[in-house]
Amino acid sequence: NAGVTQTPKFQVLKTGQSMTLQCAQDMNHNSMYWYRQDPGMGLRLIYYSASEGTTDKGEVPNGYNVSRLNKREFSLRLESAAPSQTSVYFCASRLAGGVQYFGPGTRLTVT
Amino acid sequence: QKEVEQDPGPLSVPEGAIVSLNCTYSNSAFQYFMWYRQYSRKGPELLMYTYSSGNKEDGRFTAQVDKSSKYISLFIRDSQPSDSATYLCAMSDIIQGAQKLVFGQGTRLTINP
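In order, the protein sequence lines correspond to chains A and B.
The first sequence lines up with residues 410 to 520 when you count with the numbering used here.
The second sequence lines up with residues 196 to 308 when you count with the numbering used here.
No lab work stands behind these hints: they were computed from the structure.
Hints are supplied without guarantee of correctness; some may be wrong.
Stated by the list, open to error - Distance condition first, Cα-Cα at most 30 Å in a straight line; then the derived DSS-like pairs of lysine-lysine:
id, chain 1, residue 1, chain 2, residue 2
1, B, LYS237, A, LYS480
2, A, LYS423, B, LYS265
3, B, LYS295, A, LYS480
4, A, LYS466, B, LYS262
5, B, LYS295, A, LYS466
6, A, LYS418, B, LYS237
7, B, LYS251, B, LYS197
8, B, LYS237, A, LYS423
Only chain A is shown next, with the shape it has when bound in the complex:
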């Protein structure tokens, strides 16, 4: 069991470039989540997917889009990266009634 995996681990983008962060889980979990972590801010929810085929906005969705490709995979897309999106991004998944398990994170720098 790999748990929650994220790719890439690190990424540097220039302002205006686009990229997709990938997340996959092999625990047959129903819901999946994307968070960002900034110094002094804790983790903030960007988007989540309660089940395959559904997605909803979290606390800080502006500038991001998501796709729940299937039950295993949930991707986060930055269409036009901005320096304010420099952060560490975490994906998590959860079985109904259970707790959230987090991936190792993607460190993104936008210059």
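Could you slot chain B onto chain A? The hints should help.
The following block gives chain B in isolation, referenced to the frame of chain A:
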């Protein structure tokens, strides 16, 4: 005002000390309370999970929830250098299908040998 407040520290204590970490919150709808531990450059890992008010103990760790005061605590007994990490409190209300966690800022803890 943030929905969940947590003193960011840093907190530095000698090995063997009892550590107390705390969070306050404002949303009375929160029912599920968690403590996550995060080592440097790693993802958060669940340490303790409590539903509603009361205490829960797991080895050297005790979680307390006081819903009347909107206050939660994590106690670490006989602290070890390996406990050095950032501790994040998190909470959520009852949501069908998905659990939208609200996190505190995290407290950076260092246990000195």
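Consistency of the hints with the structure:
A threshold of 30 Å between alpha carbons decides the hint, and for B:LYS237 with A:LYS480 the separation of about 24 Å falls inside it, so the pair holds. In summary, the hint linking A:LYS423 to B:LYS265 is not supported, as the alpha carbons are separated by about 43 Å, beyond the 30 Å threshold. Simply put, B:LYS295 and A:LYS480 have alpha-carbon atoms about 18 Å apart, close enough for the 30 Å limit, and the pair holds. Straight-line distance between C-alpha atoms of A:LYS466 and B:LYS262 comes to about 28 Å, which keeps the hinted pair within the 30 Å bound.
Only pairs whose Cα atoms come within 30 Å are accepted, and B:LYS295 paired with A:LYS466 is accepted, the gap being roughly 10 Å. A threshold of 30 Å between alpha carbons decides the hint, and for A:LYS418 with B:LYS237 the separation of about 11 Å falls inside it, so the pair holds. In summary, the hint linking B:LYS251 to B:LYS197 is supported, as the alpha carbons are separated by about 26 Å, within the 30 Å threshold. Only pairs whose Cα atoms come within 30 Å are accepted, and B:LYS237 paired with A:LYS423 is accepted, the gap being roughly 25 Å.
In the structure shown, a violation is registered for the earlier hint numbered 2 alone.
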